[in-house]
Amino acid sequence: MEPRRELIRGSANSLLLCLIGQQSMYGYQIIKELEKRSQGYFKFKEGTLYPALHRLEKAGLILGKWQLLSNSRPRRYYRITAKGHSKLAAERVHWQDFLHAMNLIF
Amino acid sequence: MTTSLSHYLEDIRDNLRIDRSEEREVISELETHVEDKLQELKEAGLSEEEATETCLGLLGSAKLIARQIYEAHSQGSWRQALLASMPHLLFGILFVLNWWHHIGWLSITLTLILVTVIYGWVHGKPTWVFSWLGYSLLPVVVVGLLLPHLPKGWSLLAIPLYFPLALWWLFCIVVQTTRRDWLFSSLMLLPTPIIIGWFLTVAPDGRFTEYTLQRVYYFAPWIGLSFLILALTIAAFIRLRQRWLRIVLLIISGLLTLTMVAYYASGRLSLTTFVGLILVMWGLFLVPPLLDRWLRKGRRIFKRRISYRLPTRVAN
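Chains as they are written, first to last, in this note's numbering: chain A, 1169 to 1274; chain B, 28 to 343.
Quick caveat, the hints were computed from the structure, so don't treat them as lab data.
In this text, all values refer to a predicted model and were calculated from it rather than measured experimentally.
For each residue, glycine too, the CB sits at the ideal point set by N, CA and C.
Do not rely on the hints blindly, as some may be mistaken.
[As the list claims (entries may be wrong)] Partner residues are not named here, just some residues of chain A that face chain B (Cβ under 8 Å, in silico):
#, residue
1, S1192
2, Y1196
3, P1219
4, R1223
Given the sequences, and given the hints that come with them, work out the whole structure.
Rendered as structure tokens:
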């Protein structure tokens, strides 16, 4: 089933923080991982991932750094910051409360 | 990478309008993503053409991506807002406190402006420097105002030299600023009609006399207030993210400040002059985006000519 756009928009930052919180990733990797772990449910419009990442970086929640691995192109890896960890913890609580409330109604 | 994808990235670059160093990183990042995606699609069995088309479809609108990245980067900090509004604040304070006629304070202010402009220009032209840049045209204007007062022979010699040089200097500054972002050109030129308005109020015949100085004393608080309004406008501009909001802010601020100049000039500015100043303001707002369009068109034609010529050169 296709997810509703407004639901995706509301959860995009949380999803990105959650993935990056588990390990440093670059943009293309984030899209593939998101799709894989959600079993195809979350499919980011690939170009608009980068504005979302830049917004998170400007907010100080993640930090991007160029890395050149052997036999590979230079890539910009993003890792979560301490501020990002706090935000993620707060978001987790909000989502759990939200899902709990939704389950009570549904 | 195919030509279509190169043009796509070029479209994004053309519409980004962020700091050059950030722009380079954004484009490199997108380039890497495109190369990874193309590789994946080709490994899945698509031809180069099919992979390119699929990749472009998956990436989405270049203008939308550029706008969203612009909004992510555009908002300046409060420190940058204060720095950007500083030149207007300084002049505002000079007039409100009636210190404008103290050579010492005036010299300090002008020296500070010159040093800050040079520093900002040399250090990558950060956003806050563009409001200072307009004031770097002040010495040019002052020289122009002093020239008619030179001994007759000298002024006849100097004036024909001055105008082309002054226009060239103005053109260079405006073009360099427009290359970065035409909105910064508009920001830089915003005080011009207001300063002209006050100039016409205190010296309607273009000459500085004893009476002119008395008028400046009289209008100084209102002149200072108009500079303070400009300072607030710049600070708000720096803090806003959306481009359209920045444009609306500049237009409204320009119109309001000009109206204030006309009102407090107590009838010394005729309706014709007021309308003329509004037209000057609109002209100054319209020239940068038109110039931007012309510069981008020229750059795009040049780049595409270069990219189409290369295979021929290699074959020869």
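Right, here's what the structure says about each hint:
{"no.": "1", "hint": "S1192", "result": "violated (15 Å)"}
{"no.": "2", "hint": "Y1196", "result": "holds (4 Å)"}
{"no.": "3", "hint": "P1219", "result": "holds (3 Å)"}
{"no.": "4", "hint": "R1223", "result": "holds (4 Å)"}
Violated hint for the displayed structure: number 1, the only one.
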